[in-house]
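S.K.: Read off the chains here:
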Amino acid sequence: MKRFILIYFSLSIFIPAIIALFKFKKSDYKDRFFYYFIFISAGLDILLRYLKAVYKNNLVVFNIFALTDLVFLVLAFYTWGLFQKKKHIVYWIIGVFSVFWIIEHLILSSVLRPNPYSRVFSSIIITLLSINMISKSLIMDKQVFYKNYKFLAALGAFLLYSNIAAISFFWFNTNAIFTGKFQNLLNISQEITNLCTNLLYALALLWMIPYRKFTMQ
Amino acid sequence: MDDSLQEVYNAIVISLLFLILVTIYFITTLVRQHSRINALQKERIIIEINTLELERKRIAAELHDGLGPILSTIKLNINSLDTELNSDLIIITKASKYLDDVMDNIREISYNLMPVALVRKGLCEALKEFIEKSLSPNGIQVRFFFTQLPKDLSREKEIHIYRMVQEIVNNCLKHAKAKKFSIKISTEKGNVLLQTEDDGIGFNKDEMDDKHRCLGLKNLESRCSILDCNMICNSAINKGTRYIFEIPLKSFN
Numbered sequence: 044m045k046r047f048i049l050i051y052f053s054l055s056i057f058i059p060a061i062i063a064l065f066k067f068k069k070s071d072y073k074d075r076f077f078y079y080f081i082f083i084s085a086g087l088d089i090l091l092r093y094l095k096a097v098y099k100n101n102l103v104v105f106n107i108f109a110l111t112d113l114v115f116l117v118l119a120f121y122t123w124g125l126f127q128k129k130k131h132i133v134y135w136i137i138g139v140f141s142v143f144w145i146i147e148h149l150i151l152s153s154v155l156r157p158n159p160y161s162r163v164f165s166s167i168i169i170t171l172l173s174i175n176m177i178s179k180s181l182i183m184d185k186q187v188f189y190k191n192y193k194f195l196a197a198l199g200a201f202l203l204y205s206n207i208a209a210i211s212f213f214w215f216n217t218n219a220i221f222t223g224k225f226q227n228l229l230n231i232s233q234e235i236t237n238l239c240t241n242l243l244y245a246l247a248l249l250w251m252i253p254y255r256k257f258t259m260q
Numbered sequence: 185m186d187d188s189l190q191e192v193y194n195a196i197v198i199s200l201l202f203l204i205l206v207t208i209y210f211i212t213t214l215v216r217q218h219s220r221i222n223a224l225q226k227e228r229i230i231i232e233i234n235t236l237e238l239e240r241k242r243i244a245a246e247l248h249d250g251l252g253p254i255l256s257t258i259k260l261n262i263n264s265l266d267t268e269l270n271s272d273l274i275i276i277t278k279a280s281k282y283l284d285d286v287m288d289n290i291r292e293i294s295y296n297l298m299p300v301a302l303v304r305k306g307l308c309e310a311l312k313e314f315i316e317k318s319l320s321p322n323g324i325q326v327r328f329f330f331t332q333l334p335k336d337l338s339r340e341k342e343i344h345i346y347r348m349v350q351e352i353v354n355n356c357l358k359h360a361k362a363k364k365f366s367i368k369i370s371t372e373k374g375n376v377l378l379q380t381e382d383d384g385i386g387f388n389k390d391e392m393d394d395k396h397r398c399l400g401l402k403n404l405e406s407r408c409s410i411l412d413c414n415m416i417c418n419s420a421i422n423k424g425t426r427y428i429f430e431i432p433l434k435s436f437n
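Those sequence lines, one after another, are chains A and B. Heads up: the first sequence begins at 44 in my numbering, then just goes up one per residue. Heads up: the second sequence begins at 185 in my numbering, then just goes up one per residue.
So here's chain A without its partners, still in its complex pose (with noise of 0.2 Å):
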């Protein structure tokens, strides 16, 4: 039973990829990049599922997972105006993890196995970001929070990240050997904190304004 439920979680990111599917014709130019992550993210979820039910090893995607989450995150912060116009934040943080991420899968490892260590490293910046975003949108913005959409965005990705973060710092504390009950445990507020993630992505995608032309009509 717990096993379906957890299954039923894992799959709550389509929630907010139908929405997006729905509202990307008309959405605005500076939510593309969200709507992009959410396409990118429900696509790559099918991706997992597929490669674990074919090949039975899908660390392939899980990898890359680790960069598009940057990447497409990072570029939708810029453009809901955390970095303030500097641009060169941005290419800084995109460009300083990718070299970090082709070091670690290429040079080091490889992409086919386990590498943890980027995925800690984005998991920290996103999670430092979205604190950013936070706290700019519940000062900066007149809308009451709830109903403000880069907060709920933030506060999703927030949530998600740092429950990724300091999941890997257990693992760098105990050497990577959990015991089946405590990755149990660990396994369950994951799939909990994802179920959360998602329907606050959902949220967000709901609440996000419809691109309007300007016309004198």
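These aren't lab readings, by the way, just hints derived from the structure by calculation. Beta carbons are placed, not taken as given, at the ideal position from N, Cα and C, and that holds for glycine. Mixed in with the good hints, there may be bad ones.
Claimed, not checked - Okay, the calculated beta carbon distance ranges per label pair:
| id | chain 1 | residue 1 | chain 2 | residue 2 | range |
| --- | --- | --- | --- | --- | --- |
| 1 | B | I231 | A | R92 | 52 to 58 Å |
| 2 | B | I221 | A | W135 | 24 to 30 Å |
| 3 | A | Q226 | B | A223 | 47 to 53 Å |
| 4 | B | E292 | A | Y254 | 51 to 57 Å |
As the list claims (entries may be wrong) - Heads up, simulated DSBU-like pairs for lysine-lysine below, C-alpha to C-alpha not over 35 Å straight-line:
| id | chain 1 | residue 1 | chain 2 | residue 2 |
| --- | --- | --- | --- | --- |
| 5 | A | K185 | B | K226 |
| 6 | B | K402 | A | K128 |
| 7 | A | K128 | B | K226 |
| 8 | A | K129 | A | K69 |
| 9 | B | K389 | A | K185 |
| 10 | B | K226 | A | K130 |
| 11 | A | K129 | B | K226 |
| 12 | A | K66 | A | K190 |
| 13 | B | K434 | A | K129 |
Once you've looked at the hints, dock chain B against the given chain A.
M.R.: Just chain B now, with coordinates in the frame of chain A:
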């Protein structure tokens, strides 16, 4: 201790540490964003007030240089009319007097918009001229205590100080019902100290919330935020009103 329990214990400790770090970072970002919004607000006020001053200057120039000479020409033309009829002479004299009044009014409006004395004679003389002109005809006894002001006081800042005093004097005239008014400007410990006092009916500061706060007081606060100065306002019913402004000199450099 059981392995699983030990792991949970470690996890809790690490999570707590993580949570503390995240909370500290969150508070830091909140404070940073707050100070950013304050800076933006201040910038907005500066732009608004500078635009206002520029517009005042433009209107004053238009009135003085545009309308003034036209009215003078009209007056000259009217006075040069040659008539022997007594009734016409009376009309001409009346028209000439009205024109004089209009010119005086325009001069006064122009002066209030951009005081010439401030440009020609400096802040203290301009203030003296303005206060005497506004309060003395209304029977208010005025006392001045002016000391030498620093020479590097910029024109822009002088205008801000002048406007602040203008606001206080207007409030005194409109609401205070005062008999005496005194003003002191001095330089002390790296600050320009501006103090004003009247013996009017005063007001209860605690009862004035944001909604009821008059525009004059808000203008004073806006200009204070531009000058980075402290404003102290002491007032009580029937005990007069006293303002003290500590304007840091370094902001003038």
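S.K.: It remains to establish, for every hint, whether it holds in the given structure.
M.R.: Cross-check of the supplied hints:
no.: 1; hint: I231(B) <-> R92(A): 52 to 58 Å; in the structure: holds (56 Å)
no.: 2; hint: I221(B) <-> W135(A): 24 to 30 Å; in the structure: holds (25 Å)
no.: 3; hint: Q226(A) <-> A223(B): 47 to 53 Å; in the structure: holds (49 Å)
no.: 4; hint: E292(B) <-> Y254(A): 51 to 57 Å; in the structure: holds (54 Å)
no.: 5; hint: K185(A) <-> K226(B); in the structure: holds (18 Å)
no.: 6; hint: K402(B) <-> K128(A); in the structure: holds (33 Å)
no.: 7; hint: K128(A) <-> K226(B); in the structure: holds (21 Å)
no.: 8; hint: K129(A) <-> K69(A); in the structure: holds (27 Å)
no.: 9; hint: K389(B) <-> K185(A); in the structure: holds (30 Å)
no.: 10; hint: K226(B) <-> K130(A); in the structure: holds (25 Å)
no.: 11; hint: K129(A) <-> K226(B); in the structure: holds (22 Å)
no.: 12; hint: K66(A) <-> K190(A); in the structure: holds (17 Å)
no.: 13; hint: K434(B) <-> K129(A); in the structure: holds (31 Å)
Hint compliance for this structure: every hint is met.
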